[in-house]
Every structure is written in structure tokens, then in C-alpha cells.
Amino acid sequence: MTHPIPMTELWRGPLLESLHLGHAVICDDTGQIVRSWGDPNAIIFPRSSAKMIQGLPLVTSGAAAKFGLNSEHLALACASHNGAAIHTDRVSAWLDHLGLAEPDLRCGPQEPQDMAARDGLILADDTPCQIHNNCSGKHCGFLTVTQHMAAGPEYLEIDHPVQQACLSALEETTGETSPAYGIDGCSAPNFATSLMGLARSMAWFASAADRSDRASDAAQQLTAAMIKHPELVAGESRACTELMRAMQGRAAIKTGAEAVFVAIIPEKRMGVALKIADGTTRASECAIAAILVSLGVLEADHPATRTFMNATQYSRRGLECGVIRPAPGFPG
Numbered sequence: 210m211t212h213p214i215p216m217t218e219l220w221r222g223p224l225l226e227s228l229h230l231g232h233a234v235i236c237d238d239t240g241q242i243v244r245s246w247g248d249p250n251a252i253i254f255p256r257s258s259a260k261m262i263q264g265l266p267l268v269t270s271g272a273a274a275k276f277g278l279n280s281e282h283l284a285l286a287c288a289s290h291n292g293a294a295i296h297t298d299r300v301s302a303w304l305d306h307l308g309l310a311e312p313d314l315r316c317g318p319q320e321p322q323d324m325a326a327r328d329g330l331i332l333a334d335d336t337p338c339q340i341h342n343n344c345s346g347k348h349c350g351f352l353t354v355t356q357h358m359a360a361g362p363e364y365l366e367i368d369h370p371v372q373q374a375c376l377s378a379l380e381e382t383t384g385e386t387s388p389a390y391g392i393d394g395c396s397a398p399n400f401a402t403s404l405m406g407l408a409r410s411m412a413w414f415a416s417a418a419d420r421s422d423r424a425s426d427a428a429q430q431l432t433a434a435m436i437k438h439p440e441l442v443a444g445e446s447r448a449c450t451e452l453m454r455a456m457q458g459r460a461a462i463k464t465g466a467e468a469v470f471v472a473i474i475p476e477k478r479m480g481v482a483l484k485i486a487d488g489t490t491r492a493s494e495c496a497i498a499a500i501l502v503s504l505g506v507l508e509a510d511h512p513a514t515r516t517f518m519n520a521t522q523y524s525r526r527g528l529e530c531g532v533i534r535p536a537p538g539f540p541g
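Counting in the numbering used here, the sequence shown tops out at residue 541, every number present.
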């Protein structure tokens, strides 16, 4: 087995304080590896980086069309959002449109990452609910498919038609049989795949315009929705949102818990998947930025890039104290 390789460094003064190792793969539209680092066959849980794949049945089943969903709904279905008002208001409206309410969700409550929303709850002496969960958009997508299928309300059960449709979508786009599943933070099944399989899936999304089948049309719609609404996919100051804005439509990117990151690059018909071995998000954000720069779809000196890659670290008094940057030779 190939070991993970150095990808991201954190320097403090003259010393290397932290080193993050990982694996990454770039695949082309034929599903072949263009370049890889570490072990392309590493089996991982894609976590929330798979939300576009989980969103495919929402479109291919006809549920999105039946319920009149637009690009904002599709972006939210792919989102790991901050729980800001722009997210929760839309999730609430989506549930209402379905004739459902917050208790119909199965994602669990979560404190919003958005500071204004968090402070608002505190000032109102209120507590977070499931609508604040960063995955509530994905779960609204699950509920939409559930209603369309006239399936049971426990849509997170592994044998539920919605989850079986998600498994089929993952296996068809990765070209692999998933070897296992785990339970994600939002309580949904998360199906394991190889890093190469995940990159192959992203390349399949990236090359969807070259095909005319229903699944490829769905992939185009989901990718376009993410690119059109980067603020709904994550939120202000988040890497997904800021880097997609910086690329101005050239790529859709998505993070996943435990330092997974993927990219869909339509103009190159390529997909990227990476995983930082120790699960540190700052390292995956730096690494994906470095790969996107190397592929020519992200400017190295863009302010958004410099927030996550070659980013100066400051003390709480504003003194320069370090830098987070790609490891020497990565991506090369």
C-alpha cells in the first residue's frame, strides 16, 4: 500500500510546527487517473463531498420536476451550509412546499456556524433545531424523493428506497461496488468508496455535457446549481463558497467532514478527490486550493486563494506568527 504523502505544512516562525499527510487523485472523463498522490486505492468515507451523488435521485426520479424545484433547491441539496438565514429560510420554505415541517427531518439539531444566526438564537433564548443542521438541504431532498416515491417516512433506513437509490448512484458513477457504509453526522448512511472511485465520479459529473442520458442531465443541473449559488453550498468565509466565487464558474467544489474535498472541473472534463489522513480541515482546504491552482482554474494570488493557501497566520493581537502552505513538491 502506498503511504500518504506530505500535502500541507504549518510553519510558526522558523520551525515546521505541523505537517499534514494525505492522498489525492485526478481522473479524466474516461475514468482513468491523470495524476495521483499517496494511495489512489485508499478506501474512504466521502462524507458530505458525496452530496452531489446523493442528489442525483432527486432529479433522475422526476421528484425535482414534480415539485417544481429550482437551482436554489438543488444547490441546497448539495450543501453543508452555515445555518444562516439565507439557508434556513429556504429550507423552511421547502418543507412548507412539501406540506411537511421540521419534525419530518431526520438530521438532528445543530448549532449554526453562522454567527448572526447563533447570536439570534441566544438573544431569543431559543435552541437550534434540525433546520439549522448543515445537512438540512440534503434531507429536504431526501424527503422530496420519499414523497415522490410514496415511500415510508424513515428515509434514513439502509433499505429505504431513497438510500438504495443513493447507493446505486454512487456505485454507477464511481464504477465500484461500495464495500461498506457508516453513519454520517446527519444520521444518513454514508457509503465508502476508493479515492480513485470518488475522483472518477467527479470526472463523470464534469463530463456530463458530453452525454444525453437522464443521469448526466441531472449531473449538469446539480453542478450548475452549485456554481450559480456558491453562497448556498456553504456560506460566507467558507472555502467552498469563497473558492467557487474566485473561480467564476470554472469548477464546483465540495468539502466533506474529516478533511475530504472534491472538485468538478467541466472545462477540463476532470474530477479531483483528496483526503487528509489526520482529518484536519485547514489542510484539505489548502491542498484542494493547491491542486486547483496547478490545474489553472484558480489564481494563486487571488485573495480567496490566499485565505486558504500560503495564508499568513496572525496572533490575536494581529502579529504575523506563521503560514499555512502546500508541502514542498506538492502538487508539483
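Think of the hints as simulated: they come from the structure by calculation, not from any bench.
Hints should not be assumed to be uniformly reliable.
To be verified - Below, in silico cross-link-like pairs of lysine to any residue (SDA-like), each with a Cα-Cα straight-line distance of 20 Å or less:
1. Lys437 with Glu467
2. Lys275 with Gln429
3. Lys437 with Ala466
Unchecked claim - Here are the in silico distance ranges between beta carbons for each label pair:
4. Glu363 with Ala333: 27 to 33 Å
5. Ser377 with Leu528: 31 to 37 Å
6. Arg525 with Pro388: 17 to 23 Å
A virtual CB, placed ideally from N, CA and C, is assigned to each residue, including glycine.
So, going through the hints one by one against the coordinates:
1. Lys437 with Glu467: violated, 26 Å
2. Lys275 with Gln429: holds, 18 Å
3. Lys437 with Ala466: violated, 23 Å
4. Glu363 with Ala333: 27 to 33 Å: The hint (27 to 33 Å, Cβ to Cβ) holds, given that Glu363 and Ala333 are roughly 31 Å apart.
5. Ser377 with Leu528: 31 to 37 Å: violated, 53 Å
6. Arg525 with Pro388: 17 to 23 Å: violated, 45 Å
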